[in-house]
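A.B. asks: So the chains spell out like this:
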Amino acid sequence: MDTTSIRNFSIIAHIDHGKSTLADRLLQITGTISERDMQEQVLDDMELERERGVTIKASAVRMSYQANDGQTYEMNLIDTPGHVDFSYEVSRALQACEGAILVVDSTQGIEAQTLANLYMALEQDLEIIAVVNKIDLPAARPDEIAQEIEDLIGIDAADVIQVSAKTGEGVAQILEAIVEKIPPPKGASDTPARALIFDSHYDSYKGVIAYVRVMEGVITKTDTLRLIASNVVTTPVEIGIFNPHMTPVDRLNAGEVGYVATGLKTVRECRVGDTITLGVDGAAHALPGYKQAKPMVFAGFYPTDNDAYIDLRDALEKLQLNDAALVYEPETSQALNFGFRVGFLGLFHMEIIQERLEREYDLDILATAPSVEYQVVLRSGDILTIHSPAELPDPSVVDEIREPWMAIEIFTPEEFIGPIMDLVTKKRGVYFSMEYLDSKRVQLKYTIPLAELIVDFYDRLKSGTRGYASLDYHFDGFQVDRLVKLDVLVNKQPVDALAMIVHEDDAYHKGQRLVSRLKRLIPRQLYEVPIQAAVGKHVISRANVKALRKDVLAKCYGGDVTRKKKLLEKQKKGKKRLKMIGNVEVPQEAFMAVLRLDDDD
Amino acid sequence: MPCQTTKPNHTPLSERVPDTACYFHIPFCRTRCSYCDFNTYTGQDSLIPHYMHALATEVRLVGVSATVEVTTLFFGGGTPSLIPANDLNVVLDSCRQSFELAGDAEISLEANPGTISRSYLYSLRQYGVNRLSIGMQSAHARELNLFERTHQLGDVRLAVEAARDAGFENISLDLIYGIPLQTLDDWRISLDTALDMRPDHLSLYALGVEDGTPLHGWIADGRFPSPDPDLAADMYEWASERLAQAGFEQYEISNWARPDFACQHNLRYWRNTSYLGFGAGAHGHAVFSGTSAVRYANVLHPADYIRRIQAQTGPCPFPLSDAVAWSEHLDGRQVMADTMFMGLRLIREGISPGVFKARFGDDLWQVYGAILDRLIAAGLVERTADERVRLTSRGRLLGNQVFAEFV
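Those protein sequences? They're chains A and B, same order as listed. Residues in the first sequence are numbered consecutively from 1, following this note's numbering. Residues in the second sequence are numbered consecutively from 1001, following this note's numbering.
By construction, these hints were calculated from the structure, which means they are not laboratory data. Treat the hints with caution; some may be incorrect.
[What the hints assert, rightly or not] Not everything, but these chain B residues come out facing chain A in the computed CB check (under 10 Å):
{"id": "1", "residue": "Pro1229"}
{"id": "2", "residue": "Gln1401"}
{"id": "3", "residue": "Ala1404"}
[As the list claims (entries may be wrong)] Here are the in silico distance ranges between beta carbons for each label pair:
{"id": "4", "chain 1": "A", "residue 1": "Asn544", "chain 2": "B", "residue 2": "Asp1019", "range": "48 to 56 Å"}
{"id": "5", "chain 1": "A", "residue 1": "Tyr527", "chain 2": "B", "residue 2": "Gly1128", "range": "46 to 54 Å"}
{"id": "6", "chain 1": "A", "residue 1": "Asp459", "chain 2": "B", "residue 2": "Pro1353", "range": "54 to 62 Å"}
Ideal Cβ positions, reconstructed from N, Cα and C, are used throughout, including at glycine.
Input sequences plus hints: build the corresponding full structure.
C.D. replies: Here is the structure:
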């Protein structure tokens, strides 16, 4: 099989720099999607993706393009998720390609995450086609940005293609560049098949659909297949290509991108990065780079209505079919009853899952503040891994506590270096390096505890730099620190779901902030409610929520009883959203209060 | 939409309504008070003659299918005292012709101090208006300015004096408390000043800051502080004591009267009995044989209202007219719930198990025992020696916590 007419590529771009619009344009120009079926963000099927303007799941599409040289090329565009939480998925998608289009907004310049992804592409020897987008905007500075790209990655500024994905200007040039610059896939057809899984989704009829790039060999629809890492053998229901919809084919050759409907029941058996080979006489070794997705952030998810526990379990189960990175286990809280401790790749992943549970499964979820994984070394020498502050054992049996640290990179205009330094220092971060990207923009590197990173770091970075800074991060390692558990008592009862693990030096300050914030968030009840923060037996802060004195509608205007009833109904409904802890009604926001402890009140 | 097309006229429901009140909404004002979110309009005075004509017509249209005794009438607003006395009388006459008007019917009118002359008051009395509710609101110029009221304290004094001279024996004053920047002393002065005028009835309303009002905007942008609910509670408690000393009986959460001067019209709301609403945005409630009911409201804008009434060709099912914009039927259970949360506003009377049983045929404690036990345990509701259920003094300020249990 001749692969010289195949081109496999991804698009690397920062959120809002126009990746989806460019993809839409490519699909249109190649006639892959008829004008009638054209809509914005074609590749993003999920309602949430469209709303947030960001790709959450990868996808792939095959386009057929007749180039200026008269030949017809098969182009496979592999779309990648647009958030650092999913950088592993991005790396797999890049591995499936020979080239990548780097899209940079000509009004903004290159951003941290884009550069991180770009480095990933360069490590995998991808051919880069640099594009500056949005040249139709009055604020566009395409030449300047092209120079920035040259300075950063050494692509000649003259080779940077200037386009407007919105108007279509310049897009045809990109297609030609793909043909000319990106090499056709290599890989022999006569070796045992090895296909890289770069994403998957669950289909209720065909089981897990693996999105694959055949790196070498051939897969036919009658082959028995084996997934090397998970060591699962299966006979596919069908194999096919994305054209742009799933279209069955008889065989997928080396170099081609397509799908394998595996018939498997969960995506955990078919993980991103795994290798598909033949069941008989298959390859012995998996393709390099496979990692099992590891959750970094954990939160308790509880149904507001205790009766919805089973519904929540079923919903998580369904989401997990499609999301191998999502883990959960049952958790019991004295305050919140029965729920789950759920693990996520990051905060964005958590937000997406929470939103999908609420929207797609119509569940009212109470989420506790996110926490990280701690390694607790006990006096006995055993190491305990905990995912919730409530699990922290009594200090008397603890030798040391280790927490995850992240290496972060921040791109920023130089005038914000001061505020960023302040922010990082406040968050226990450690300075590593600073480098000028050009005369005005700086790359800063730090390490910082993940626990600090997930608590409003990103929002504060954005607000402190008027939105100009961008952030990328990856796991660095575990480090020992002086960490303590901060307990919160509401009406003298410790509330496990409000406990947090903090640095000893921050305990007093955070305890005070938390108490004053809870005092404002917990509505006044019929009785006075004391709120306390304590480390061990030592109470470090206390405030009282005063008893409610006045709550009555004064007047019934001209006999408008209906309006009055509506107000009372609203009040009653609002009450239902509160969680009873002992005799105290506590709103959802209280459980998230720990996320806002650094705000200036 | 004309009511005939939606509901055929069958059993004369009016026969199951023994007596009723009539409420007339006068949606016109010279200026709008800063806290007001009612159905009121300024600069529409040219509509007044047509509007009053429409009111009289609506009364006839509804009355045609009714043989109901009317025990109270109430002109509310808006500013009813903007309406020439003759025009009011046309409506009253229409009532007299269309309904059985009780000989001792209470006929109230809300009046803004500063809009009423001696001769006007004299005419009102002549036409049968026998109760005047005067919007005093405050004794302090600063507070009246905040409210963008056009009157001054002196106007209130003059109005009360003139009303007495004209022969009004039942005068009520409205006051507002819980005003931004108002101190307890400010409030004491307002209430004592009101008492000096020897009213027969007082309505004390905690200021509600409603969305969309200028006052809401000023508080939202920080020009004025939010009313402090605890201070408002102190004001309320002080007023309760002060008025008890002065010989007033508190008969409802916000209402006090000298013996025998409770507002009969408003009592009908709280006892959850019938009242017919006439005019733009007016709400009505007709209770059939005590148990099922219809609540309804007319279109809001006076011009729409006039158009609809003018276009109406025949009667609608009682108690509706073609001006109705919304109506809702309530079954026995809903009427029961309304009876509870409205009736518990009555401080002394509360809910009597005997009256409840006579009305609904059900035992109060069987229907609401669980809720009532909980409220009693929380100290919000009490049982009196004669078995009535009513709010405790603490419950009066926490009424919503009680009422919400019944909706």
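A.B. asks: All hints are to be evaluated individually against the structure, with a verdict given for each.
C.D. replies: Right, here's what the structure says about each hint:
A distance limit of 10 Å between C-beta atoms decides the matter here; for Pro1229 (chain B) the minimum to chain A is near 5 Å, and the interface restraint holds. About 6 Å separates the beta-carbon of Gln1401 (chain B) from the nearest beta-carbon of chain A, less than 10 Å, and the hint is met. Satisfaction of the interface hint for Ala1404 (chain B) is found here, the shortest Cβ-Cβ separation to chain A being roughly 4 Å, below the 10 Å cut-off. In this structure the supplied range 48 to 56 Å holds for Asn544 (chain A) paired with Asp1019 (chain B), their Cβ-Cβ distance being about 52 Å.
Judged by the Cβ atoms, the range 46 to 54 Å given for Tyr527 (chain A) and Gly1128 (chain B) holds: they are separated by roughly 52 Å. At roughly 58 Å, the beta-carbon separation of Asp459 (chain A) and Pro1353 (chain B) lies within the given 54 to 62 Å, and the hint holds.
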